[in-house]
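The listed protein sequences correspond, in order, to chains A and B.
Residues in the first sequence are numbered from 33 upward in steps of one, following this note's numbering.
Residues in the second sequence are numbered from 1137 upward in steps of one, following this note's numbering.
The set of hints was computed from the structure by calculation and includes no laboratory data.
Virtual Cβ for every residue (Gly too), placed ideally from N, Cα, C.
Mixed in with the good hints there might be a few duds.
Claimed, not checked - Taking CB as the label site, the calculated pair distances span:
#: 1; chain 1: B; residue 1: Pro1418; chain 2: A; residue 2: Pro354; range: 35 to 45 Å
#: 2; chain 1: A; residue 1: Asn262; chain 2: B; residue 2: Thr1383; range: 28 to 38 Å
#: 3; chain 1: A; residue 1: Gly94; chain 2: B; residue 2: Asp1293; range: 45 to 55 Å
#: 4; chain 1: B; residue 1: Thr1570; chain 2: A; residue 2: Thr194; range: 32 to 42 Å
#: 5; chain 1: B; residue 1: Gly1419; chain 2: A; residue 2: Ser214; range: 32 to 42 Å
#: 6; chain 1: B; residue 1: Ser1481; chain 2: A; residue 2: Asp361; range: 48 to 58 Å
#: 7; chain 1: A; residue 1: Lys123; chain 2: B; residue 2: Asp1293; range: 56 to 66 Å
#: 8; chain 1: A; residue 1: Pro102; chain 2: B; residue 2: Thr1570; range: 48 to 58 Å
#: 9; chain 1: A; residue 1: Ser105; chain 2: B; residue 2: Gly1419; range: 53 to 63 Å
#: 10; chain 1: A; residue 1: Gly280; chain 2: B; residue 2: Gln1517; range: 43 to 53 Å
To be verified - Keeping only pairs whose Cα atoms sit at most 30 Å apart, straight-line, the calculated DSS-like set for lysine-lysine is:
#: 11; chain 1: B; residue 1: Lys1516; chain 2: A; residue 2: Lys290
#: 12; chain 1: B; residue 1: Lys1186; chain 2: A; residue 2: Lys206
#: 13; chain 1: B; residue 1: Lys1201; chain 2: B; residue 2: Lys1230
#: 14; chain 1: A; residue 1: Lys142; chain 2: B; residue 2: Lys1538
#: 15; chain 1: B; residue 1: Lys1525; chain 2: A; residue 2: Lys149
#: 16; chain 1: A; residue 1: Lys142; chain 2: B; residue 2: Lys1525
Stated by the list, open to error - Where chain A lies over chain B, by a calculated footprint (3+ residues, C-beta under 8 Å):
#: 17; stretch: 1237-1250
#: 18; stretch: 1377-1389
#: 19; stretch: 1472-1479
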Amino acid sequence: MNKQISLLYPKASCVIRRISTPRARCDSELQPRAKSDPQQLVGVVGLEVHAQINSNTKLFSGSSVRFSAPPNSLVSPFDASLPGTLPVLNKRCVEAAVMTALALNCTINKKSLFDRKHYFYADLPAGYQITQQRRPIAVDGTLTYSILGGKKRSQVIRRTSTIKQIQLEQDSGKSLHDDLRSQTLIDLNRAGVGLMELVMEPDMSCGEEAAAAVRELQLILQALGTCQANMSEGQLRVDANVSVHKPGEPLGVRTEVKNINSVRFLSRAIDYEIQRHIQVLQRGGTVQNETRAFDSKSGETIPMRDKEGLQDYRFMPEPNLPPLIVYEDNASLPTGIDACQAVVVQEIRAGLPELPSIKRDRLVQTYGILPEHSFTLVNEDGLVEYFEAVLKATTKEPRKVIGWVTNELVDVHPVCVLVSPASPWFLFPQVFQEMWRSPGKTASQIIQEQDLGLVSDATQLHSICQKVVDSHPVEVHAIRNGNKKVLNKLMGLVQKETKGRADPVLVRAILQEKTS
Amino acid sequence: MLGLTIREVSAALREGRISPTELCRKCLNRIKRTRHLNAYIAVTEELALKQAGEAEARLLRGAPKGPLDGIPFAVKDNFCTENIKTTCASRMLKDYTPPYTATVVQKLLNQGAILMGKTNMDEFAMGAGSTDGAFGPVRNPWSYAAPYRERTGAAPDSDWVVTGGSSGGSAAAVASLTSYLALGSDTGGSTRNPGALCGVVALKPTYGLLSRHGLIPLVNSMDVPGIMTRSVSDAAIVLGILQGQDTRDSTTTAAPSSLTELPEHFDVKNICVGIPQEYHAPGLSEETLAQWSRVADMFERAGARVKRVSLPHTQHSIVCYHVLCHAEVASNMARFDGLEYGHRSEEDSSTEAMYASSRHEGFNDVVRGRILSGNYFLLKQNSEHYFVKAQRVRRLIAEDFKRAFGSGVDVLLTPTTLADAARYSDFTQEDNRTRSAQEDVFTQPVNMAGLPAVSVPTALSSRGLPIGLQLIGPALQDKKLLGVAQWIEQRVGFPSITGAIKHMQDGSFDSFIIRHCPCEIEMRPVLCFMTC
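Produce the complete structure using the sequences and hints provided.
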């Protein structure tokens, strides 16, 4: 088995398990919290998550948002803070924040405000960041996630963390320090991209919980299409506030751990930091309130070069942006307001897709599979659709299919093959049946033998695609609003029409054109 | 020709009495002959002649773009102009060329108006004299005109008076007849103050009626592009063109009416003019007070209701204005770090050191002082005491006005400045902060409340210098306000400089005429003028 792929696409329930670390397992989850030794120091973890909004353009300017574009190629006068430029709020970003907030059970503030947070840094061209300090767009939400517990760590335990607030704010640019030539290079492509900052209450106790929470958050954001949530590309950035205390006593001095670029590292960084705090205190020392960076090579956290110190951000209302008003429903729109200028909560609520937790419950109920299997299916992009397609094409028991899918298929055929848009993953139900019958054969042999070739006639595909687009206005609307994942659904429908033989690359291109 | 109003010169252009190119050349020559005023930081001669040629072709075809086609105008150097340096009269932006044009400038260009150049100002519009810019002070054109010279016996090169500020260059450009209109900016009085001291009409529109996109900000929540012209009806024409919502400025509002023409005869019988008692401020000159009473009497005699009103929080306004102004300045100026644009110091030992010396070298002490105090007001421990408190008082001031207008008052009549223009040598005896506090005392409450106000010149003082009065109206009532202003203008008989602003080297005095030969003057202007 390819090792690297196993990290990205682990088998079966290890999706949940893999993010735990053997060194510092969560105490609270091995034994109920109430029974824990009151003299024992325990960790307290709160997260601050910055989620880059999946939008075509930046939060306050018309520049495109794209990862890995040539440096400084996506910079408008506003992004470079040229004097005299003014922010103009991107409606899509507001809708994404409202949708995310609804999915996380937040209260939406019908009126929210923008503020300036000041600090000098080379990749912050205005000298301040526009954020929402006084009144964020949403407050008081929850994030429910699951970890594995019990004696054999096979029991799914649900946990809920409180989301204090979600605020809209600008991303900064990127600094590249060239120590050799003692210069700093600045790339402003990212400057001004919309972020949702999710501030979570310090109600977690270990790395495993934090990692599971963030993984669930990733799935939710991806299902919503509001953030691509790829940590290694920086679309999701998680800072952890860590402290330790004896249960019942006030929280200890906290440190903030940054520079964490995967869910696994998040877990490790937090557990390392908790242990470090405990060791410092047990040696009779005191924990410094500081910002530390996680070094993934050594697995340690180290104090950051003092970028912040004790900063006074000199918050001030952003005078160029009037209060942001969102409306509950169309009935509450004031007269004279242009409907396409308004953000209506009810419309966004109506467009919420099936969330991962609901999807898992549905899978468990509909197919009678084990809860941990539902985690595996939902964790892998496209796997649920595949699983359901297989069930339609076979008379086999779902519980047998799930075993095969999770244990054999995911291992033998790395999922990246399944989800790669260039590969005919849709053919797998047929291939799968054949494999089931004749275990010795490879998938490609079967494809060759059975002549399961592609339909690539553009005219034919165009008309099929048009039919699907015409009959699914809601989905098309969602795609146009930036939820690109809905395109997969339309693709599935086209494949249904062609009995799974349409050239997916062509179909995708046609659908993209028709829904753009 | 140069002394005409927009309306008059526009007619002359259409009738072919003068061509846009001829007119443009006349203005360019005039700019050269009045260079000693230091009104312009940059003269865009080549571009102006090119634009004039294009306007000429349109007029010859009989297809002018509008009333401003072929009309020369000037722009304060804090409005961004694509490919034309925009300096804010600061070393920081000495070589800065913006890649885009401010909305209000673009609207004038779209009308075929001809950009003559960028006008001088106080650095980043921080000042009330146009004496604190990196390119030297602006001289008031009236310093070189006959009344002042005759009455004071002033030596022209040492006793010249200031223009007021911060839009002094724009006021001087209109007053010295080098442009028919000029854009200023008004944050606490920066358009009305020099308008009054230079004897031109100066309109500060309702906040949000004109786009600020491309106006390099002083205080975002108070800045408005200002309009300076030689007549009220000209101001109305320009306002009609500039007003309206701009998608690039989220604080703009749609114009209440597509204002173009003012009624020739405004009936004041049905209006109520409020006289705010708090504007009898210490330091108000007798002559300005006399003008104030004179115009109030004019209204009364014409049948308007004139009543005293109280704006009780006025005395606290200037202090709060300064707190809010400095706080926003501290924030707005943070972007000038020498990285993306602007002055960058040679110092390169560290990024922080580079910031510090770039900003030290790039800003004058007025700007640095405001940044320092503004940051102090915004510190976590101080914000509630200073910034938040000043915001609360700001609301009280806005409510004062609201109450006055709610009590049946249509317009408020006040002085624009305490007195006529000060000599440069006297003005610079006091520091910028003191001067700003004195000069903006009647003008900044309007900015705190976002209301429209216009300064109309009413007479020359005993020193031969202009005095202006201010009219303040309720939000978005700019048109009505200008109607009242025109009524005053038609009756006060304020003189216009024509022909010869004295050339530095020649000894002849300027001649004056009364432009609006008034038919129903209740009182002669304070001084008589040379031949009509």
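Against the structure, the hints come out as follows:
no. : hint                             : result
1   : B:Pro1418 - A:Pro354: 35 to 45 Å : holds, 38 Å
2   : A:Asn262 - B:Thr1383: 28 to 38 Å : holds, 33 Å
3   : A:Gly94 - B:Asp1293: 45 to 55 Å  : holds, 52 Å
4   : B:Thr1570 - A:Thr194: 32 to 42 Å : violated, 54 Å
5   : B:Gly1419 - A:Ser214: 32 to 42 Å : violated, 56 Å
6   : B:Ser1481 - A:Asp361: 48 to 58 Å : holds, 56 Å
7   : A:Lys123 - B:Asp1293: 56 to 66 Å : holds, 59 Å
8   : A:Pro102 - B:Thr1570: 48 to 58 Å : holds, 52 Å
9   : A:Ser105 - B:Gly1419: 53 to 63 Å : holds, 57 Å
10  : A:Gly280 - B:Gln1517: 43 to 53 Å : violated, 33 Å
11  : B:Lys1516 - A:Lys290             : holds, 25 Å
12  : B:Lys1186 - A:Lys206             : violated, 43 Å
13  : B:Lys1201 - B:Lys1230            : violated, 34 Å
14  : A:Lys142 - B:Lys1538             : holds, 27 Å
15  : B:Lys1525 - A:Lys149             : holds, 20 Å
16  : A:Lys142 - B:Lys1525             : holds, 26 Å
17  : 1237-1250                        : violated (count 1)
18  : 1377-1389                        : holds (count 5)
19  : 1472-1479                        : holds (count 5)
Of the numbered hints listed earlier, those contradicted by the structure are 4, 5, 10, 12, 13, 17.
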